[in-house]
Structures are given as structure tokens and as C-alpha cells.
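Trainee: Chains as they are written, first to last, in numbering that gives the first Met the number 0: chain Z, 0 to 160; chain C, 0 to 92.
Bear in mind the hints are in silico, worked out from the structure with no lab data behind them. Do not rely on the hints blindly, as some may be mistaken.
Said to hold, decoys possible - Pulled from the structure, derived: some chain Z residues nowhere near chain C, Cβ distances all over 10 Å:
(1) Phe34
(2) Asp100
(3) Gly101
(4) Val106
Stated by the list, open to error - List of simulated lysine-lysine pairs, DSS-like, C-alpha gap at most 25 Å:
(5) Z:Lys77 <-> C:Lys53
(6) C:Lys48 <-> C:Lys21
(7) C:Lys53 <-> C:Lys67
(8) Z:Lys80 <-> C:Lys67
(9) C:Lys21 <-> C:Lys67
(10) Z:Lys116 <-> Z:Lys77
(11) C:Lys48 <-> C:Lys90
(12) C:Lys90 <-> Z:Lys77
Heads up, the beta-carbon is just placed ideally off N, CA and C, and yes, glycines get one too.
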Amino acid sequence: MRLEYFQMVDRVSALDPEARTISADCTVPEASPVFEGHFPGYPILPGVLMIETMAQTGGWLVMGLLRFTRMAFLAQVKEAKMRAFVAPGQVLRTEARLLHDGSGYAVAAGRILSDGKPVAEAEITYRVMAFPNETLRQELINMARRVSMPAELFDARSDND
Amino acid sequence: MPSTFDTVAGIIAETCDIPRDKITPESHAINDLGIDSLDFLDVAFAIDKAFGIKMPLEEWTQEVNDGKVSSDQYFVLQHLSENIDALVAAKAA
Numbered sequence: 000m001r002l003e004y005f006q007m008v009d010r011v012s013a014l015d016p017e018a019r020t021i022s023a024d025c026t027v028p029e030a031s032p033v034f035e036g037h038f039p040g041y042p043i044l045p046g047v048l049m050i051e052t053m054a055q056t057g058g059w060l061v062m063g064l065l066r067f068t069r070m071a072f073l074a075q076v077k078e079a080k081m082r083a084f085v086a087p088g089q090v091l092r093t094e095a096r097l098l099h100d101g102s103g104y105a106v107a108a109g110r111i112l113s114d115g116k117p118v119a120e121a122e123i124t125y126r127v128m129a130f131p132n133e134t135l136r137q138e139l140i141n142m143a144r145r146v147s148m149p150a151e152l153f154d155a156r157s158d159n160d
Numbered sequence: 000m001p002s003t004f005d006t007v008a009g010i011i012a013e014t015c016d017i018p019r020d021k022i023t024p025e026s027h028a029i030n031d032l033g034i035d036s037l038d039f040l041d042v043a044f045a046i047d048k049a050f051g052i053k054m055p056l057e058e059w060t061q062e063v064n065d066g067k068v069s070s071d072q073y074f075v076l077q078h079l080s081e082n083i084d085a086l087v088a089a090k091a092a
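The task is simple: from the sequences and hints, build the whole structure.
Mentor: Next comes the structure, spelled out in C-alpha cells:
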């Protein structure tokens with residue numbers, strides 16, 4: 000995880016288009032300016048960043064299922080629960096399951112686990128719309144490659160642009 | 000079995016915290032009931048789930064934005080309910 004760059008997902012470990020599920024690995028950095036403020040003398044991952052981590056995991060799922068033809072923007076978070084503190088260096092597993100693929104929106108259930116135990120969960124709604132520009136789309140595809148998204152989910156067009 | 004309108008009205012009342020007795024078949028979801036686009040996503044999700052459909056909101060919105068139809072066609076609840084019935088029937092066919 001690169002907290003300062005909002006790159007929360009390190010590696011997508013599995014994405015099942017049939018089951019509409021994804022799982023990913025995320026390791027909290029040992030050091031980050033974030034921990035200087037949250038909190039001095041007691042560094043823990045902010046809950047809002049746990050939510051962002053779940054949102055990004057589900058976002059990769061939504062965009063992957065759409066083969067990067069459309070962008071998923073965070074629109075709503077429901078029933079968010081932070082069940083445990085997360086410390087620097089902690090290894091996390093994130094999971095998301097698509098609950099509904101609506102017209103112009105999608106809803107996913109996300110959660111974070113550590114050592115198999117639930118750390119956080121939330122229901123996340125995305126607005127799904129055209130990429131605002133091609134630069135963003137290409138950057139996200141490049142990032143998708145870096146986090147090991149299954150290559151077959153990339154729109155073939157993207158590789159030739 | 001509740002009518003489609005009753006189900007939709009119940010969803011709107013619960014999702015948007017609007018008194019049920021203020022919701023009529025003639026109500027326009029946006030202009031009369033003040034449902035904004037984010038709340039309407041919740042309503043759409045609940046309707047899609049309740050009826051097992053996928054309302055083509057993007058297509059509807061595009062038609063309205065293009066001036067092809069009045070927003071009444073899709074957002075007055077009586078018409079919305081009729082559109083839902085048509086989607087349910089199309090799915091069953």
C-alpha cells in the first residue's frame with residue numbers, strides 16, 4: 000500500500016468473473032507520514048483508508064468485469080464497520096463481491112481480513128460511467144497491470160492505443 | 000399482493016425518509032418528492048432487487064436529456080410503475 004498516493008491494493012490475487020468476486024493483498028507500510036498524525040505515538044491505519052481500500056478492491060472488480068470500458072466512482076458507503084485496529088506492517092487481505100450490476104451504478108460488499116479475521120466491512124455503491132478522458136483510462140490500465148489484474152480483462156483496444 | 004406502485008412507494012418512503020402518505024401515483028420522484036440522484040441510486044437498487052430487473056436508467060436519462068421524452072415519462076411514479084411492469088413482463092417472456 001502506498002498510502003500517500005492512494006494506491007491501496009498491492010496485488011489482485013483472484014478475480015472470478017462468474018462469481019463476480021475479487022480478492023487482493025495489501026500490506027500496510029511500516030512508515031508513512033499518515034502515521035505521524037494518526038496517531039502520534041500510536042500509529043494505526045485510519046478507518047477512512049480502510050474504506051478506501053475496500054472501495055478500490057470493489058472498484059477493480061467492477062472495472063474488470065466491464066473490461067475497463069467504464070470507470071467506477073465511489074458514490075456511497077453503507078454499514079461501514081471497523082472491527083479492529085490495523086498497525087504499520089500488517090498484512091491484509093481484501094475481498095469484494097458484486098451485489099448488483101445496475102444501469103449506471105453498481106453495488107459491492109467489501110471486507111478486509113487479517114489472519115483470516117474480519118477487520119472491516121462495508122457496502123459500497125459506485126457510479127459507473129464513461130472515463131472522463133483517455134489519460135485516466137490508460138493510467139488505470141497500467142495500474143491494473145501492476146497489481147496483477149487478469150490480463151484477459153483488459154479491453155483489447157487498450158493494448159493498441 | 001401489493002401493486003407495483005405500492006411497492007415502489009414503500010421503497011421510496013423507507014429509502015428516502017419521505018412520509019408514505021405524501022407519495023402518490025402522480026408524484027414526480029424528483030420534482031415533487033425531491034429525490035436527488037444519489038438517493039435515486041438507492042431507490043433503483045431496491046427496485047431492481049424487489050422486481051428482479053435492471054431498470055435502464057442511463058437510457059432513460061439520456062432520452063430525457065436529449066429532449067426525446069419528458070421526465071414525467073419515467074419519473075412520475077405511475078409511469079415508473081408501468082415501466083417496471085413492462086420490464087418484469089419482458090423478463091418473463
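Trainee: Next, verify each hint and record whether it holds.
Mentor: How the hints compare with the structure:
At roughly 33 Å from the closest C-beta of chain C, the C-beta of phenylalanine 34 of chain Z stays outside 10 Å, upholding its exclusion from the interface. The non-interface label for aspartate 100 of chain Z is inconsistent with chain C: the shortest C-beta to C-beta separation is roughly 7 Å, within 10 Å. Non-interface call for glycine 101 of chain Z relative to chain C: violated, since the shortest CB-CB distance, roughly 6 Å, does not exceed 10 Å. At the 10 Å boundary, the C-beta of valine 106 of chain Z falls inside the reach of chain C, the nearest C-beta of that chain being 6 Å off.
Taking the CA atoms of lysine 77 of chain Z and lysine 53 of chain C, the gap is near 21 Å; set against the 25 Å cutoff, the hint holds. Restraint check for lysine 48 of chain C and lysine 21 of chain C: satisfied, since their Cα atoms lie roughly 24 Å apart, inside the 25 Å limit. Distance hint between lysine 53 of chain C and lysine 67 of chain C is fulfilled; the C-alpha atoms sit about 21 Å from each other, no more than 25 Å. For a cut-off of 25 Å, the pair hint linking lysine 80 of chain Z to lysine 67 of chain C is broken: about 44 Å separates their Cα positions.
A distance of roughly 29 Å separates the Cα atoms of lysine 21 of chain C and lysine 67 of chain C; the hinted pair therefore is violated under the 25 Å criterion. Our distance criterion of 25 Å between C-alpha atoms is met by lysine 116 of chain Z and lysine 77 of chain Z, whose separation comes to about 21 Å. With a CA separation close to 14 Å, the supplied pair lysine 48 of chain C and lysine 90 of chain C stays within the 25 Å bound. Of the supplied pair hints, the one linking lysine 90 of chain C and lysine 77 of chain Z is violated, its CA atoms being roughly 30 Å apart against a limit of 25 Å.
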